[in-house]
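Can you make the complete structure from the sequences, with help from the hints?
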Amino acid sequence: MKKALFLDRDGTLIVDKDYLKDPKDVELFPGIAEFLMEALAKGYMLFLFTNQSGVSRGYYKLEDAHACNARMMELLGLPEPGFVEVGIAIEGPDADPGEEVKIYRKPSPRFILEMVEKYDLDKDGCWMIGDKLSDLEAGIRAGIKSAWVASGKSKDGKLDEFIMRHGIAEFGSLREFILN
Numbered sequence: 001m002k003k004a005l006f007l008d009r010d011g012t013l014i015v016d017k018d019y020l021k022d023p024k025d026v027e028l029f030p031g032i033a034e035f036l037m038e039a040l041a042k043g044y045m046l047f048l049f050t051n052q053s054g055v056s057r058g059y060y061k062l063e064d065a066h067a068c069n070a071r072m073m074e075l076l077g078l079p080e081p082g083f084v085e086v087g088i089a090i091e092g093p094d095a096d097p098g099e100e101v102k103i104y105r106k107p108s109p110r111f112i113l114e115m116v117e118k119y120d121l122d123k124d125g126c127w128m129i130g131d132k133l134s135d136l137e138a139g140i141r142a143g144i145k146s147a148w149v150a151s152g153k154s155k156d157g158k159l160d161e162f163i164m165r166h167g168i169a170e171f172g173s174l175r176e177f178i179l180n
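Once you know that position 31 of the sequence shown is 31 in my numbering, the rest is easy, because the numbers rise by one and skip nothing.
FYI, nobody ran anything at the bench for these hints, they're computed from the structure. From a predicted model like this one, the values you see are computed outputs, not experimental measurements. Glycine included, every Cβ here is placed at the ideal spot set by N, Cα and C. Possibly wrong hints are sitting among the right ones.
As the list claims (entries may be wrong) - Here are the simulated distance ranges between beta carbons:
| # | residue 1 | residue 2 | range |
| --- | --- | --- | --- |
| 1 | Asp22 | Gly167 | 36 to 42 Å |
| 2 | Leu40 | Lys118 | 17 to 23 Å |
| 3 | Gly125 | Glu74 | 26 to 32 Å |
| 4 | Gly82 | Glu114 | 16 to 22 Å |
As structure tokens, this is what we get:
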């Protein structure tokens, strides 16, 4: 059984700094590297799945998003392969899912479903972990479990209702998740 963690970036692995474009500003949450090492030791494959609408909005370039991801990977220091694949959704929140373009922006489950198929993952052993409603919705829509991680931002009513309706696991930290 191949199992995997699909992890959001901003607000889950690194401090959310609103439209991060400078690699110098990448700041890991405490204990993230250790959490990911434990996940790898428990046999999880890791996938990064991040919405980066700042690209389509013209706030920064795709190369900036790649540079920030590279800095995060450097700070994490994971053994190869680390994150098996990285999904960067550059579409803005107003992207039309009916358009011919492929929409990867969460809450679309497209990236997750493609990785499940490509790597023959067992959906029962897969989790989407994030701090926003769109992260949790992507996991549910893909047919995998979702977990909400508190990252210092409070839940709004919509997020709280979604968590309760779907029985989504809530964790104060990623460390708490892996220990359970």
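Do the Cβ positions of Leu40 and Lys118 conform to the proposed distance bound of 17 to 23 Å?
Given a distance of about 19 Å, which is inside 17 to 23 Å, the answer is holds.
When you take the CB atoms of Asp22 and Gly167, is the distance between them in 36 to 42 Å?
39 Å, holds
Given the hint of 16 to 22 Å, is the C-beta distance from Gly82 to Glu114 inside that range or not?
Given a distance of about 19 Å, which is inside 16 to 22 Å, the answer is holds.
Measuring from beta carbon to beta carbon, are Gly125 and Glu74 in 26 to 32 Å?
29 Å, holds
Comparing the model with each earlier hint shows no violations; every hint is respected.
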